[in-house]
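> The primary structure of each chain is shown beneath.
Protein chains: 2
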Amino acid sequence: MDQLIKMIMFVHDGFEEAEALTAVDLLRRAGVKTDVCSMTGNTVIKGSHGISVFADLEFSDICDAGGKMESGAVEEGALADFSAITDSYDGMILPGGQPNSFSLRDDERITELVKAFDRKGKLVAAICAAPCVLERAGVLDGKRCTSYPGMISPDNKIYLEETAVTDGNIITSRGAGTSVEFALAIVGKLCGAAKADQIATRIMFRS
Amino acid sequence: MDQLIKMIMFVHDGFEEAEALTAVDLLRRAGVKTDVCSMTGNTVIKGSHGISVFADLEFSDICDAGGKMESGAVEEGALADFSAITDSYDGMILPGGQPNSFSLRDDERITELVKAFDRKGKLVAAICAAPCVLERAGVLDGKRCTSYPGMISPDNKIYLEETAVTDGNIITSRGAGTSVEFALAIVGKLCGAAKADQIATRIMFRS
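Residue numbers (the numbering used here), protein chains in the order written: chain A, 1 to 207; chain P, 1 to 207.
Careful, some of the hints might be misleading.
Which copy is meant is left open, because identical chains are indistinguishable; a pair holds if it fits in one copy or across any two.
[Claimed, not checked] No farther apart than 20 Å at their CA atoms in a straight line, the calculated lysine to any residue pairs in the SDA-like style are these:
no.	residue 1	residue 2
1	K6	H49
2	K46	D35
3	K6	A194
4	K46	D56
5	K33	G14
6	K6	T166
7	K46	R29
8	K6	S60
In case anyone wonders, no lab produced these hints; they're calculated from the structure. Because the structure is a prediction, the values reported are computed rather than measured.
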């Protein structure tokens, strides 16, 4: 039997609903356990278009140190806890939307987690404005990637105007209108192209 | 100044998250006031992939008669209340997902509302399995329409295998992978093709 694949999505208020929830939806269809983790201290997270959603976890549920860091500044000793997170999950996902994307970028817990997942070669995926978090963490240097126009600098990267770009363990995508391509790219990376094609067919995408 | 356009989405538990929330997202981007109305008696509605969302309204908030009808059977006198709903909104939207779609189909409040909106020539939109609700209400006869494969009979209809089909006041679409096309078709019908194109560009859809 295949081992259960587990992904975690980190979310601040102002997340883009279609980007976040299409990814959760399609990953769960593919059998990937997908936890939505609120970074706000509240279980209910607020979308950028007024849709409020229950997160599966609060950050304090998975990280004692992080739970104490209301400012998002990483204190000494926290990195051990982050290692527990990167051991538990096969990768992390960041949806776009504002102020979510800039809140994620300015939240040192998140940029440290991006670095930690990346160091282990585990999947780091971001869509729309959220690739700016990956840029801040320094994991896009020399990589093929994309984003919402203007949200990352093309310097030191191979910037592509494609709906979803996979380079090794990094997946980036462009906006709410590329949510399905983003989700399918993650499914393809984790579960293989055949599973991604199966999901695409079942949801009537390009069929 | 343009008059505010208002849409209502009716939802039972087991709704397909991407289909429902992409429509709400894109309609609100277009400036359409969009109310998500729970038919379950609870404000929190549960998606078919485990995502729980706050509805904006419960049915009892907009319909006294409906609020008393837990079985979904329409009692005498309720149609006057339904008329108040069809006066207040420019149309209704039904997302797919199970058991949501069959719960909507078997909920006489919903089939009566479909008939009432249709009689006024107001927009009735359904995606994935939810066109079966429109079929039950009898508003698809002779119409160009689509659905998730096998969810409606092609008899007495012009069944098309297209991502989104508009025929007069009826819009139908196929599945979670056509959520953006469905939402843009609704925006196009309500706000014009230029607005739909503008939204499509902003979300990086086919751009």
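> A separate judgement is required for each hint: does it hold in the structure or not?
To see whether the hints hold, each was checked on the structure:
Within a single copy, K6 and H49 get their C-alpha atoms only as close as 28 Å, which misses the 20 Å cut-off; across copies the closest is 15 Å, which meets it. With identical chains, the CA atoms of K46 and D35 are at most 20 Å apart both within one copy (16 Å) and between copies (16 Å). Taking identical chains as interchangeable, the C-alpha atoms of K6 and A194 lie at most 20 Å apart only when both belong to the same chain, with a minimum of 19 Å there against 42 Å between chains. Taking the shortest alpha-carbon separations for K46 and D56, both the intra-copy value of 14 Å and the inter-copy value of 13 Å come in at or below 20 Å.
In this assembly of identical chains, the alpha carbons of K33 and G14 lie at most 20 Å apart only when taken from different copies (18 Å versus 24 Å within one copy). With identical chains, the CA atoms of K6 and T166 are at most 20 Å apart within one copy only, with a shortest distance of 19 Å there and 40 Å across copies. Only between protomers do K46 and R29 lie at most 20 Å apart by alpha-carbon distance; the minimum there is 16 Å, versus 24 Å within a single protomer. Proximity of K6 to S60 under the C-alpha cut-off of 20 Å is restricted to the intra-copy arrangement: shortest distance 18 Å within a copy versus 40 Å between copies.
The earlier numbered hints are all upheld by this structure, with none contradicted.
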